[in-house]
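Trainee: Following the hints, position chain R against chain A.
Protein chains: 2
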Amino acid sequence: MSSTRIVTLTFAGLLLIASTAHGGGEVIREEIHTQYETVRLVRVIGGLEHPWSLAFLPDGRLLVTERPGRLQLVEDGAASELSGLPDLHAHRQGGLLEVVLHPEYEENGWVYLTYSKGDAQATATALGRARIDGDRLADFEELFVMNRFSAPGLHYGSRLAFAPDGTLLMTIGDRGEDVRAQDLTDHAGSTLRLSDDGSVPQDNPFAGHLRAAPEIYSYGHRNSQGMFVHPLTGTIWQTEHGPRGGDELNRVVAGANYGWPTVSRGLDYRTQQQIGVGRRAEGMKDPLVDWTPEIGPSGFDVYLGEAFESWYGDFFAGSMAGSHLRRLVLVGDEVVHQEELLRDEIGRIRDVRSGPDGYLYLLTDEKDGGVYRLEPVR
Amino acid sequence: MSSTRIVTLTFAGLLLIASTAHGGGEVIREEIHTQYETVRLVRVIGGLEHPWSLAFLPDGRLLVTERPGRLQLVEDGAASELSGLPDLHAHRQGGLLEVVLHPEYEENGWVYLTYSKGDAQATATALGRARIDGDRLADFEELFVMNRFSAPGLHYGSRLAFAPDGTLLMTIGDRGEDVRAQDLTDHAGSTLRLSDDGSVPQDNPFAGHLRAAPEIYSYGHRNSQGMFVHPLTGTIWQTEHGPRGGDELNRVVAGANYGWPTVSRGLDYRTQQQIGVGRRAEGMKDPLVDWTPEIGPSGFDVYLGEAFESWYGDFFAGSMAGSHLRRLVLVGDEVVHQEELLRDEIGRIRDVRSGPDGYLYLLTDEKDGGVYRLEPVR
Numbered sequence: 002m003s004s005t006r007i008v009t010l011t012f013a014g015l016l017l018i019a020s021t022a023h024g025g026g027e028v029i030r031e032e033i034h035t036q037y038e039t040v041r042l043v044r045v046i047g048g049l050e051h052p053w054s055l056a057f058l059p060d061g062r063l064l065v066t067e068r069p070g071r072l073q074l075v076e077d078g079a080a081s082e083l084s085g086l087p088d089l090h091a092h093r094q095g096g097l098l099e100v101v102l103h104p105e106y107e108e109n110g111w112v113y114l115t116y117s118k119g120d121a122q123a124t125a126t127a128l129g130r131a132r133i134d135g136d137r138l139a140d141f142e143e144l145f146v147m148n149r150f151s152a153p154g155l156h157y158g159s160r161l162a163f164a165p166d167g168t169l170l171m172t173i174g175d176r177g178e179d180v181r182a183q184d185l186t187d188h189a190g191s192t193l194r195l196s197d198d199g200s201v202p203q204d205n206p207f208a209g210h211l212r213a214a215p216e217i218y219s220y221g222h223r224n225s226q227g228m229f230v231h232p233l234t235g236t237i238w239q240t241e242h243g244p245r246g247g248d249e250l251n252r253v254v255a256g257a258n259y260g261w262p263t264v265s266r267g268l269d270y271r272t273q274q275q276i277g278v279g280r281r282a283e284g285m286k287d288p289l290v291d292w293t294p295e296i297g298p299s300g301f302d303v304y305l306g307e308a309f310e311s312w313y314g315d316f317f318a319g320s321m322a323g324s325h326l327r328r329l330v331l332v333g334d335e336v337v338h339q340e341e342l343l344r345d346e347i348g349r350i351r352d353v354r355s356g357p358d359g360y361l362y363l364l365t366d367e368k369d370g371g372v373y374r375l376e377p378v379r
Numbered sequence: 002m003s004s005t006r007i008v009t010l011t012f013a014g015l016l017l018i019a020s021t022a023h024g025g026g027e028v029i030r031e032e033i034h035t036q037y038e039t040v041r042l043v044r045v046i047g048g049l050e051h052p053w054s055l056a057f058l059p060d061g062r063l064l065v066t067e068r069p070g071r072l073q074l075v076e077d078g079a080a081s082e083l084s085g086l087p088d089l090h091a092h093r094q095g096g097l098l099e100v101v102l103h104p105e106y107e108e109n110g111w112v113y114l115t116y117s118k119g120d121a122q123a124t125a126t127a128l129g130r131a132r133i134d135g136d137r138l139a140d141f142e143e144l145f146v147m148n149r150f151s152a153p154g155l156h157y158g159s160r161l162a163f164a165p166d167g168t169l170l171m172t173i174g175d176r177g178e179d180v181r182a183q184d185l186t187d188h189a190g191s192t193l194r195l196s197d198d199g200s201v202p203q204d205n206p207f208a209g210h211l212r213a214a215p216e217i218y219s220y221g222h223r224n225s226q227g228m229f230v231h232p233l234t235g236t237i238w239q240t241e242h243g244p245r246g247g248d249e250l251n252r253v254v255a256g257a258n259y260g261w262p263t264v265s266r267g268l269d270y271r272t273q274q275q276i277g278v279g280r281r282a283e284g285m286k287d288p289l290v291d292w293t294p295e296i297g298p299s300g301f302d303v304y305l306g307e308a309f310e311s312w313y314g315d316f317f318a319g320s321m322a323g324s325h326l327r328r329l330v331l332v333g334d335e336v337v338h339q340e341e342l343l344r345d346e347i348g349r350i351r352d353v354r355s356g357p358d359g360y361l362y363l364l365t366d367e368k369d370g371g372v373y374r375l376e377p378v379r
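For the protein sequence lines, the chains are A and R, in the order given. Numbering-wise (the working numbering), the first sequence opens with residue 2 and increments by one. Numbering-wise (the working numbering), the second sequence opens with residue 2 and increments by one.
One chain only, chain A, in its complex shape (with noise of 0.2 Å):
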């Protein structure tokens, strides 16, 4: 008995010594010098096609998406499909999106996913969940999908955040019609807030009104692909893709007009001209950060950990056109700094997740994309 378990141990420090990385992967760089952490990059895994969302399971696995239509289990480097997926129609921004877990996954196994349904001719941005039997997900339901289907290929939205009350938050596009997101019967351009059975919540802003959809709970967005709900406040940020120089950085409240396409801070890409009114009118929410030039935002967290000391309670956003990950200083609603990470280093960043290892994870938006883990260097 006894000899035994001394090879076990010896065995355990030899794994120790031979990873290179703590939780595994391969080391990218050993340093990274940033204004006030210095930090290790580590690739947990590569060989994902645009890999869109994570979520980490109790277990330590973590669950990966993969826009053409994969669910992925990763697992000491090694990711194995999920099959059971319900059908989708995967074309350009369109396919496989969003992953998060119930907040009571422990009791109720319940893991929420979105993707693109329809055909080459309309899709539709919907929401389902499963629960992961083995190497398959089992007891699909397919909880909401939006109200009208359109051409696929552009903003599908698709970032979902569990608020403090249970209730489930959804981000859905313009689907490339702007006008959809002044119009409230129609839950494009639009955060839609659900029960987690995709049922209408009755304190919802509009619920019982006879011209909006019920689930609406802001709109006049153009396509917020970043969101967290603040564990510590229960506020509701996002980043949404704007027009041309028109990226935003939003506070989400119920009720909210955002003003695309009324008003942006941006200008429309192939003419140059201002959007709609112009940059700003009554009634309609100013963006707390317009960026120009535009970053691409999405993924998008608050790091609450404990690795990072000097990062407590920034913000980190992923910019996909920009290649680089963002952290913003906030005091109260106010973005009072914000640096630029890894920049061209591992490419455009499509999910950024606080882990429960107090480390930064990161997904990139590319043909052979990857998760990445940031560490500290002590």
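These are calculated hints, taken from the structure and not from any lab test. Careful: at least some of the hints might be erroneous.
Pairs count within a copy or across copies, as identical chains cannot be separated in the list.
Below 20 Å or equal to it, Euclidean Cα-Cα: the simulated SDA-like pairs (lysine to any residue) are [unchecked claim]: (1) LYS286 with VAL336; (2) LYS286 with GLU335; (3) LYS368 with GLY348; (4) LYS368 with ALA91.
Mentor: Chain R alone, transformed into the frame defined by chain A:
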């Protein structure tokens, strides 16, 4: 006679063919696609050591300062050094800095220069003028020296711009001692307004005040190293080096306090803490843009040429820290759009000038720096 003439014309024709770029120089990139213009990047001349400023002589030659203390006359891709500079102490940010021509240069021949005057113990930003006489400077006059000398190295400011009324605006940085920018008796951290002979215009905002230096036009600046007076409106525009994440765009008006170091949008480089009392205060001007992450702005001009039609009226700022050229689109005093050009293409951009030929000229702040030109590709 006629045969001589033919030979001359043929030789000129050959020169035109041999030169691959309009106005000579080496083509670095044939086509760079930007948002609204396709441009050719040409190196007019290389081999300059930390060139700081550029002026266009009416005969097509260029005057270029090199920070270590040389003034070069550039013609046909070759530089020849002018003798007769004043004594100066070149250390870190100090040396020979700005060069501009008097608005009536063709009548009076005055070339204005700024430089750090002093020795290894103490230096001050100084202003002089001279005339070009062959390969030397003649008639040199020292017109102004800031009223406190201090340890050499930091924040000389030093941009010059003539206003439509013939007065000369000059920036001076805080010399690395931030509180001096709020001291109206100290030239540090201010914009000065001088007559073209260095004397004080009697309509200066603090002229006649007991406890103010009468040359001061605006104050509370950390280190402004980009400035132009808009030819169509007479308004004064500056870019300013702030602390971390606090670089600024300001429109400068008489008597105004721009806040440094009482307020700033940036953070202290070392402590990551807010500066002074915070981000804004009654009676202190907010910047029109605060750049975070910082760009390290130096050199600033408005483009009113005919070569780049879609850039007409746009502002161009050199970025040193971000190694790019930044295009700003304004509506009134509001910056509505920005574009990064030439990122990491030629290095740190120290100066930007709109040339009399309608092209944009750039200087790179490098050990092997140069003069570059952007031309349109039709």
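Trainee: When Cα atoms must be at most 20 Å apart, do LYS286 and VAL336 count as within-copy, between-copy, both, or neither?
Mentor: both (16 Å within a copy, 19 Å between copies)
Trainee: At most 20 Å between CA atoms: does that hold for LYS286 and GLU335 within a copy, between copies, both, or neither?
Mentor: both (14 Å within a copy, 18 Å between copies)
Trainee: Within, between, both or neither: how does the pair LYS368, ALA91 come out at a Cα-Cα threshold of 20 Å?
Mentor: Within one copy only: 14 Å inside a chain, 51 Å across chains, cut-off 20 Å.
Trainee: With identical chains treated as interchangeable, where does the CA-CA distance between LYS368 and GLY348 reach 20 Å or less: within a copy, between copies, both, or neither?
Mentor: Close inside one copy (10 Å), not across copies (31 Å); limit 20 Å.
Violated hints for the displayed structure: none, as all numbered hints are satisfied.
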